[in-house]
Amino acid sequence: MLTYIARRLLTLIPMVIVISFLIYLGLELTPGDAVSHMVPPDARSMMDEERLQALRESLGLGKPFIVRYWIWITGVMQGEFGYSLAGGVPISKIFLDRLPATLELSFAALLISTVLGSILGTISALTRGSLTDQSLTVVGMLGVSIPEFFFGLVAILVFALNLNWFPVGGRILPGYDSFWDRLPHLVMPAMVLSIMMTAGVMRYARSSMLDALSRDFIRTARSKGMPEWRVNILHGFRVALTPVIVLIGFRLPVLIGGSVIIEQVFQWPGIGKEFVSAVRSQDYPLVMMVALFSVLAVLIASLIVDLLTAIIDPRVRLGE
Amino acid sequence: MANEVALTVNGLKTYIYTNNRCNRALDGVSFEIRQGKTLCIVGESGCGKSVTADSIMQLLPTLSRIEDGEITYHGPDGPVRIDQLPRDGAKMRAIRGKEIAMIFQDPMTALNPVYSIGFQIKEMLKYHTGLGRSDRHSKAIDLLRSMGIPLPEKRVNEYPHLYSGGMRQRAMIAIAMSCNPRILIADEPTTALDVTIQAQIFELMDTLKRDHGTAIMLITHDMGVVAELADDVAVMYMGNIVEAGPVGKVLRNPVHPYTRALLESIPVLGRGKDQEIKAIPGQTPDPYNRPKGCQFADRCAYRIGACDQMPDETQVAPDHRVTCWRYEEFAADAAE
Amino acid sequence: MTDANATRPRTRRDAQFDKIRDREAALAGTRQHTARFMSKFLNNRLAVVGFVIFAVICLMSLFAPLIAQHDPMSPNLRAIAKPPSAEHWFGTDKTGRDVFARVLYGGRVSILVGLGSALLSAIIGVIIGVYSGYVGGWLDWIAMRISEIFMSFPQIILVLLLVAILGQSLLNLIVIFTLTGWGGIYRMARARMLSIREEEYVQALRSFGLGPARIAYKHMLPNALGPIMVNITLSTAAFILQEAGLSFLGLGVPLSIPTWGNILNAAQDLRVLEQNWWIWLPVGATISLFVLSVNFIGDGLRDATDPSQQG
Chain A
1 MLTYIARRLL
11 TLIPMVIVIS
21 FLIYLGLELT
31 PGDAVSHMVP
41 PDARSMMDEE
51 RLQALRESLG
61 LGKPFIVRYW
71 IWITGVMQGE
81 FGYSLAGGVP
91 ISKIFLDRLP
101 ATLELSFAAL
111 LISTVLGSIL
121 GTISALTRGS
131 LTDQSLTVVG
141 MLGVSIPEFF
151 FGLVAILVFA
161 LNLNWFPVGG
171 RILPGYDSFW
181 DRLPHLVMPA
191 MVLSIMMTAG
201 VMRYARSSML
211 DALSRDFIRT
221 ARSKGMPEWR
231 VNILHGFRVA
241 LTPVIVLIGF
251 RLPVLIGGSV
261 IIEQVFQWPG
271 IGKEFVSAVR
281 SQDYPLVMMV
291 ALFSVLAVLI
301 ASLIVDLLTA
311 IIDPRVRLGE
Chain B
1001 MANEVALTVN
1011 GLKTYIYTNN
1021 RCNRALDGVS
1031 FEIRQGKTLC
1041 IVGESGCGKS
1051 VTADSIMQLL
1061 PTLSRIEDGE
1071 ITYHGPDGPV
1081 RIDQLPRDGA
1091 KMRAIRGKEI
1101 AMIFQDPMTA
1111 LNPVYSIGFQ
1121 IKEMLKYHTG
1131 LGRSDRHSKA
1141 IDLLRSMGIP
1151 LPEKRVNEYP
1161 HLYSGGMRQR
1171 AMIAIAMSCN
1181 PRILIADEPT
1191 TALDVTIQAQ
1201 IFELMDTLKR
1211 DHGTAIMLIT
1221 HDMGVVAELA
1231 DDVAVMYMGN
1241 IVEAGPVGKV
1251 LRNPVHPYTR
1261 ALLESIPVLG
1271 RGKDQEIKAI
1281 PGQTPDPYNR
1291 PKGCQFADRC
1301 AYRIGACDQM
1311 PDETQVAPDH
1321 RVTCWRYEEF
1331 AADAAE
Chain C
2001 MTDANATRPR
2011 TRRDAQFDKI
2021 RDREAALAGT
2031 RQHTARFMSK
2041 FLNNRLAVVG
2051 FVIFAVICLM
2061 SLFAPLIAQH
2071 DPMSPNLRAI
2081 AKPPSAEHWF
2091 GTDKTGRDVF
2101 ARVLYGGRVS
2111 ILVGLGSALL
2121 SAIIGVIIGV
2131 YSGYVGGWLD
2141 WIAMRISEIF
2151 MSFPQIILVL
2161 LLVAILGQSL
2171 LNLIVIFTLT
2181 GWGGIYRMAR
2191 ARMLSIREEE
2201 YVQALRSFGL
2211 GPARIAYKHM
2221 LPNALGPIMV
2231 NITLSTAAFI
2241 LQEAGLSFLG
2251 LGVPLSIPTW
2261 GNILNAAQDL
2271 RVLEQNWWIW
2281 LPVGATISLF
2291 VLSVNFIGDG
2301 LRDATDPSQQ
2311 G
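Protein chains in written order, with this note's numbering: chain A, 1 to 320; chain B, 1001 to 1336; chain C, 2001 to 2311.
For reference, chain A alone in the conformation it holds in the complex (with noise of 0.2 Å):
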């Protein structure tokens, strides 16, 4: 198991250093030096073109684009990830006053599809054919069709200015910040921001549920004269859920994405909202960065996939 693990860690490796050569190879491409995004601004205008002129020595502009490289690399796993070039805030702390939000967010709304789209997949599956498998099919179908942020508007209007149920959106009142304070806020956008997911999971639980059902296994569980439910839950659903986990890893990139939108319609101070203004902006240092830790997110993600399904399978977690 944990060969297999330090085996895994390796091959992302090489990964990681590519994307991150690319992302600086897109940073000394896009307008502004390095001193515009590695000196906070304030420091700079302070400086006369001479001492401009040294710091580009230091900080290695006038060395082959290789070295520069490795002093950018070094800085960025140390911490130093550049200044914003709007407001010259350093990045790093961008990241740590926005990361929390856009990390609830996306929990919330992996937990909720995950948890309803396996429910509703399994309970189409073992109803097959029924009245509640084609609505269910049907609804999945009308989750991923609607754009997100559309669900997201309809949302506002019916349950935030009409039924004024939740907040129209944000995440904290000044003075309000205990979890149960941010609940409400957190409820719209969460749910919104899962319905994709939930339906894309809803199919493929479904799909890899009749597959479970339809095997071998499932005759012998049921010659056993064992009840319905164990043979669907322990024989059927436990083998479906592999595949369904790694669906779920796979989909991460989707959830990332969706909420950039989602947060820019619910007003979510998240990191999301900050790409789309960064974007906005041109502020290149501010957009590579996020890109960068968007990648290593995925990465880290598609890891604990793999170590979740060895943990649920015993054919990898046995087999070497």
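Bear in mind the hints are in silico, worked out from the structure with no lab data behind them. Heads up, the beta-carbon is just placed ideally off N, CA and C, and yes, glycines get one too. A hint or two may mislead.
Negatives, chain B to chain A, calculated, CB over 10 Å [as the list claims (entries may be wrong)]:
1. T1062
2. L1251
3. P1267
4. D1308
5. H1320
Derived DMTMM-like pairs: lysine to aspartate or glutamate, alpha-carbon spacing no greater than 20 Å straight-line [what the hints assert, rightly or not]:
6. B/K1292 <-> B/D1027
7. B/K1013 <-> C/D2014
8. C/K2019 <-> B/D1027
9. C/K2218 <-> C/E2199
10. B/K1091 <-> B/E1070
11. B/K1013 <-> C/D2022
12. B/K1098 <-> A/D306
13. B/K1091 <-> A/D306
14. B/K1292 <-> B/E1276
15. B/K1098 <-> B/E1044
16. C/K2019 <-> B/D1068
17. B/K1249 <-> B/D1274
18. C/K2082 <-> C/D2071
19. B/K1013 <-> B/E1044
20. B/K1292 <-> C/D2022
21. B/K1278 <-> B/D1222
22. B/K1126 <-> A/E228
23. B/K1013 <-> C/D2018
24. B/K1249 <-> B/D1333
Dock chains B and C against the given chain A, drawing on the hints supplied.
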């Protein structure tokens, strides 16, 4: 006890409805299984052998049903009409596994890959015996040992993918035999195994039959297996039993052209390479587009006009029956 | 009908079975064979409905100049934010432009972006995937690594990153979608080719001395077309959703060109959201309906081309 009937099937019709079509998979099948005896059901793939087993176990696919006929299990508490029990009701489940157990063709896929062998045996014990947790564990080990699996204490916690094909089938038999069923249905239990392993599995089954008086229904397409193991044999073709009787009579004096053709299509060891092997001409008909009368007529060398009607079952001898218009000629031929 | 079923409650399914059995009995012997693909596709009611909706929306967008009474771009200061009327079916927006005309004309651009990007990325993905899947070698290795890099980004982040670098324009958007979208179809085509490669007829063709390109494109590709078609429909749906999302953020097609997403952009204003529902609700519904129809078609195609999905 030797000739006590364990299960009677009478005029069983099972139709399968997939893709909006109707496949008349079983069209009036009758036979009985006796305690301590082996009944072999022989036939080509798709003839309805497995559907027969699934009907008895009520393990048919959702899109199918028993249309007509009776399946009666003669249990210790008197006869039970299996075909009238709800598929997954408590009564059917009490019979399934405990009274009638089943082993399947491919042990590779018939065992759940994510549970240990021990778990899959103990699961059966949990539902059909009052044994406690630790008793179930030791019983599982005993069962594996009696099936000839080495190091059962260790092996009981292992997963199916660590077992070899033959060992998997032994484990499968251990599951099936764990509650001492009165009837064991084996659906081509050795097709997926090596020839040498096949012999071991059959030997094991034969021992079980002798030691426990289990009635065995063995489904196979291999006439060699029939000659070796069967007490009774039923030959199936396209959803009908065309000929049935004690193994000696059916193999020695076959009176149905299909049985004869089957026997002629097997090479016999030691008869050299000059022996005449006759393949059966043509192919099995499309199950959705069956011939009108006798299902075998299109491939039969002895076809006559009457074959457009389905012949009735006739007794050649008290324990030997056949479904053919011209059986008398074959019977006479065989008597010569 | 028999005592066998007497004790078991009859279900909806039993009635269905009886119907099939009786029909079979009546039809015995007279079988007509329609083309399997067409009949399966037509049997899928949702796919047919999807195709009709798809065709209607496409045709209406295509013939927008004939249908729309108003110019989608010209503001009308006397009719600002008016609710739907006989004159303006979907009302007018905040500068007095006819929303119905904008939805029709917007459809042209949105469908062009969606379908165009899907086709372009399919062409690139299939050309590379088919060849590298069959031949393998260094080309395969490189293409695989590149697609891995592309696919480790969350798609929308990569798209926005490229928008930030390349700038906003209709052409750039199609280029960006194609760049970010080819990887999926490439992997699919490659995987199909890897499995087809093992089939015997390919061995036979090789023994005839045919060149690899000819075998790959002429003989193997047709057998992979089914899943490719499905993939094209599904990525069309995905691109239309993405275009709408990006334009909603104001980062897709420049706001001066009407597209479905750009029309929706107005709904970011809470006042419009609450008081002028006609500006954003019809166009949101149109996007949803169109994507839904494309997904229905995709599902129907999948069922019709995939022999393993029966029942």
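How the hints compare with the structure:
no. : hint                : result
1   : T1062               : 8 Å, violated
2   : L1251               : 30 Å, holds
3   : P1267               : 32 Å, holds
4   : D1308               : 38 Å, holds
5   : H1320               : 32 Å, holds
6   : B/K1292 <-> B/D1027 : 13 Å, holds
7   : B/K1013 <-> C/D2014 : 15 Å, holds
8   : C/K2019 <-> B/D1027 : 18 Å, holds
9   : C/K2218 <-> C/E2199 : 15 Å, holds
10  : B/K1091 <-> B/E1070 : 17 Å, holds
11  : B/K1013 <-> C/D2022 : 16 Å, holds
12  : B/K1098 <-> A/D306  : 40 Å, violated
13  : B/K1091 <-> A/D306  : 43 Å, violated
14  : B/K1292 <-> B/E1276 : 32 Å, violated
15  : B/K1098 <-> B/E1044 : 30 Å, violated
16  : C/K2019 <-> B/D1068 : 17 Å, holds
17  : B/K1249 <-> B/D1274 : 27 Å, violated
18  : C/K2082 <-> C/D2071 : 16 Å, holds
19  : B/K1013 <-> B/E1044 : 19 Å, holds
20  : B/K1292 <-> C/D2022 : 16 Å, holds
21  : B/K1278 <-> B/D1222 : 16 Å, holds
22  : B/K1126 <-> A/E228  : 15 Å, holds
23  : B/K1013 <-> C/D2018 : 14 Å, holds
24  : B/K1249 <-> B/D1333 : 14 Å, holds
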